[in-house]
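Visitor: Whenever a hint applies, use it, and build me the whole structure from the sequences.
What follows is the residue order along each chain.
Number of protein chains: 2
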Amino acid sequence: MKTLKVDLGQRSYPIFIGSDLIDRPELFEACSKASSIYIVTNTTVAPLYAERLSKTLASFGKSVRTIALPDGESFKDWKNLQTIFDELLKHGADRQTVLIALGGGVIGDMTGFAAASFMRGIRFIQVPTTLLSQVDSSVGGKTGINHPLGKNMIGAFHQPIAVIADLSTLKTLPPRELSAGLAEVIKHGAIADATFLNWIEANTSALLACDIEAMSHAVLRSCEIKSAVVSADEREGGVRATLNFGHTFGHAIEAGMGYGEWLHGEAVGCGMVMGAKLSCLLKKITQADADRLTRIIHSMHLPTTAPKFGAERYIELMQVDKKAEGGQIRYVLLEQIGKAYIATAPHEAVVETLLATGAA
Amino acid sequence: MKTLKVDLGQRSYPIFIGSDLIDRPELFEACSKASSIYIVTNTTVAPLYAERLSKTLASFGKSVRTIALPDGESFKDWKNLQTIFDELLKHGADRQTVLIALGGGVIGDMTGFAAASFMRGIRFIQVPTTLLSQVDSSVGGKTGINHPLGKNMIGAFHQPIAVIADLSTLKTLPPRELSAGLAEVIKHGAIADATFLNWIEANTSALLACDIEAMSHAVLRSCEIKSAVVSADEREGGVRATLNFGHTFGHAIEAGMGYGEWLHGEAVGCGMVMGAKLSCLLKKITQADADRLTRIIHSMHLPTTAPKFGAERYIELMQVDKKAEGGQIRYVLLEQIGKAYIATAPHEAVVETLLATGAA
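Listed in order, the protein sequences are those of chains A and B. Going by UniProt numbering, the first sequence opens with residue 1, and the numbers climb by one from there. Going by UniProt numbering, the second sequence opens with residue 1, and the numbers climb by one from there.
What the hints contain is simulated information worked out from the structure, not anything from laboratory work. Misleading hints may appear alongside valid ones.
Which copy is meant is left open, so a pair is good if it fits within one copy or across any two.
Pairs of lysine-lysine, BS3-like flavour, derived with a Cα cap of 30 angstroms [what the hints assert, rightly or not]: (1) Lys90 to Lys308; (2) Lys5 to Lys55; (3) Lys62 to Lys79; (4) Lys308 to Lys284; (5) Lys79 to Lys90; (6) Lys5 to Lys339; (7) Lys339 to Lys55; (8) Lys33 to Lys2; (9) Lys62 to Lys2; (10) Lys339 to Lys283; (11) Lys171 to Lys339.
Guide: In structure tokens, the structure reads:
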């Protein structure tokens with residue numbers, strides 16, 4: 001097992017990475033001080049792991065309940081958040097209750113936001129069971145739900161007290177979701193570590209085969225990169241926004257298709273192709289760099305051609321995205337492979353990017 | 001005009017207290033850096049002050065919109081919070097948007113929670129127009145909405161960037177609401193400042209007549225007491241909970257009657273009578289002290305007899321209250337007039353208190 005500490009002063013927490021971690025009560029130590037424990041999960045993950053995790057948690061001698069929500073991005077809404085609150089209040093949860101998010105990013109975001117706002121804030125632990133959530137959403141404290149007019153529009157910054165990334169759970173992950181997770185792994189290389197990107201390129205097959213050794217390195221290095229960025233900028237005043245490489249275009253794809261059609265990681269994969277193209281048009285990286293990144297994304301079975309909504313619609317969709325400040329759309333761009341920056345971009349370059357990537 | 005600074009490090013903010021403050025753009029200075037401004041108010045307050053405030057804010061040259069919600073505690077729910085989010089997203093609000101809460105505690109709590117969770121946190125200014133919100137809810141950063149199973153169950157700690165307490169707005173306040181606000185003024189004396197309680201006792205008529213000089217002192221001293229407590233304990237780990245004097249019983253009254261039947265301040269007034277009685281039964285204050293406090297509460301036209309729900313129902317209602325930790329109900333009690341403490345209480349003493357105050 002590997003352990004990484006996310007350094008956020010009083011809100012610091014450990015990330016544990018390894019196999020069969022959900023069977024180890026000592027990793028859930030904080031539950032010994034809980035008044036009650038609620039596992040929040042979905043109907044896909046519950047039959048696979050909820051009982052095993054419940055058994056582990058039973059050792060603390062507290063009431064352990066499971067709340068299983070429907071599975072999917074389209075259920076990341078107020079209605080399902082409300083279900084969590086209803087269950088908590090019905091069974092007498094209080095400020096000393098600990099929530100456990102068992103599932104992917106949707107469960108992590110919703111459970112985190114429930115923990116952030118239940119009685120104005122209770123503790124929670126992330127047990128991410130998808131690669132995407134292990135390398136991305138479970139680290140950093142962003143929580144929230146979607147609004148019909150935009151993704152993650154309602155939420156909070158609320159740090160977990162621990163993240164337990166059990167690599168064994170990736171074995172039950174559909175290949176499409178594994179690839180979606182690899183999109184964020186690639187992203188971490190692209191924005192912050194050229195050497196890591198080389199390693200990813202050389203280990204494509206091992207990663208796609210979910211080899212535990214390779215996966216362990218990919219998750220650890222991703223968490224290291226992400227947590228270093230988050231520690232430097234917890235509330236996204238500056239550098240943290242570089243983690244959104246591929247996301248401005250990606251969110252537009254997700255919103256335009258209707259949430260749930262493309263997986264988040266798929267949209268980010270394609271969004272990175274678009275971000276690389278725009279960086280290239282702005283003469284920051286070479287066409288060869290952009291092509292190479294596109295090839296790596298493609299090799300992980302991720303889409304590299306954007307859905308054709310037309311330029312006007314894309315720009316409209318990106319304008320509502322929360323990275324837009326005062327109407328100006330700000331893009332995460334590559335200065336070189338392994339280094340990102342944030343800037344606005346000329347309208348013509350954006351349109352050319354959209355045309356070049358199939359979007360318009 | 002009097003100015004008080006609430007000292008919370010990076011989250012410090014000023015409270016301005018005086019007459020006709022909503023006409024002074026310099027107090028809303030932070031809006032000069034806003035991308036857009038939304039006044040969130042209710043249908044009772046809007047016709048009285050929204051246009052005047054809009055005019056003041058227009059001087060910043062930004063888009064100013066008004067969102068008017070239905071008036072009352074029963075509307076402090078997800079549905080109306082959603083209305084705020086809908087309006088913000090429909091009109092392109094972003095992270096640089098500033099919300100202005102123009103109204104009483106319900107508007108302040110909802111607008112504050114909307115600001116806390118819109119795009120994971122934007123800035124807001126409190127313009128409390130009721131005495132209750134001027135002396136209590138606008139200070140301290142508690143925000144939230146009610147859940148059918150409990151008051152303020154969903155929320156966040158989110159500090160405003162300024163509080164502008166315009167005493168002129170109290171002139172349009174119904175007498176019943178003025179009295180409800182005076183309950184919290186009395187509370188501040190009871191828990192923290194015996195001299196202030198003497199002053200309140202001597203100025204009952206001036207306060208009930210809404211005399212500006214007297215009111216100015218009452219609001220300032222209340223804000224001073226509350227903000228000192230909040231500065232010492234922002235997230236209610238300890239001393240802040242003493243501000244809940246009268247609230248454990250009071251919330252039970254509100255929940256039992258159905259929110260909106262009794263005003264919050266009325267329930268707190270009666271709750272303080274009950275808290276004083278319990279403190280007396282526990283031999284902390286004398287019967288004369290408890291009687292005197294009851295007399296002061298009564299002189300402000302507040303109820304001093306509790307609705308008769310029966311002991312069992314009261315205890316059940318208090319158990320769901322968020323001050324209950326792990327099933328234990330903790331009461332704010334008086335050690336002496338001007339000094340509060342927090343403790344559990346023997347069942348018999350609680351039942352005797354309920355019997356003595358008409359509750360059972």
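Visitor: With identical chains treated as interchangeable, where does the CA-CA distance between Lys33 and Lys2 reach 30 angstroms or less: within a copy, between copies, both, or neither?
Guide: Result: close within a single copy only, 25 angstroms intra versus 45 angstroms inter.
Visitor: Between copies, within a copy, both or neither: which fits Lys62 and Lys2 at Cα up to 30 angstroms?
Guide: within (28 angstroms within a copy, 51 angstroms between copies)
Visitor: 30 angstroms Cα cut-off: does Lys79 pair with Lys90 within a copy, between copies, both or neither?
Guide: both (16 angstroms within a copy, 20 angstroms between copies)
Visitor: Should Lys5 paired with Lys339 be assigned to within, between, both, or neither, using CA atoms and 30 angstroms as the limit?
Guide: Classified as within; 24 angstroms inside a copy, 43 angstroms across copies.
Visitor: How would you classify Lys339 and Lys55 at a CA-CA limit of 30 angstroms: within, between, both, or neither?
Guide: For Lys339 and Lys55, the Cα distance exceeds 30 angstroms both inside one copy (44 angstroms) and across copies (47 angstroms).
Visitor: Using 30 angstroms as the alpha carbon limit, work out where Lys5 and Lys55 are close: within a copy, between copies, both or neither.
Guide: Within. Shortest intra-copy distance 26 angstroms satisfies the 30 angstroms Cα cut-off; inter-copy 51 angstroms does not.
Visitor: Pop the pair Lys308 and Lys284 into one bin, within, between, both or neither, using alpha-carbon distances up to 30 angstroms.
Guide: Classified as within: same-chain Cα gap 26 angstroms, cross-chain 74 angstroms, threshold 30 angstroms.
Visitor: At 30 angstroms max between alpha carbons, let me know whether Lys339 reaches Lys283 within a copy, between copies, both or neither.
Guide: Within. Shortest intra-copy distance 14 angstroms satisfies the 30 angstroms Cα cut-off; inter-copy 68 angstroms does not.
Visitor: Please work out whether the CA atoms of Lys90 and Lys308 approach to 30 angstroms or closer within one copy, between two copies, in both situations, or in neither?
Guide: Answer is between: at 24 angstroms across copies they meet the 30 angstroms cutoff, but 47 angstroms inside does not.
Visitor: Checking an output row: Lys171 and Lys339, CA cutoff 30 angstroms. Within, between, both or neither?
Guide: neither (32 angstroms within a copy, 60 angstroms between copies)
Visitor: Quick one: Lys62 to Lys79, C-alpha cut-off 30 angstroms, is that within a copy, between copies, both, or neither?
Guide: within (28 angstroms within a copy, 34 angstroms between copies)
Hint compliance for this structure: hints 7, 11 are not met, and every other hint is.
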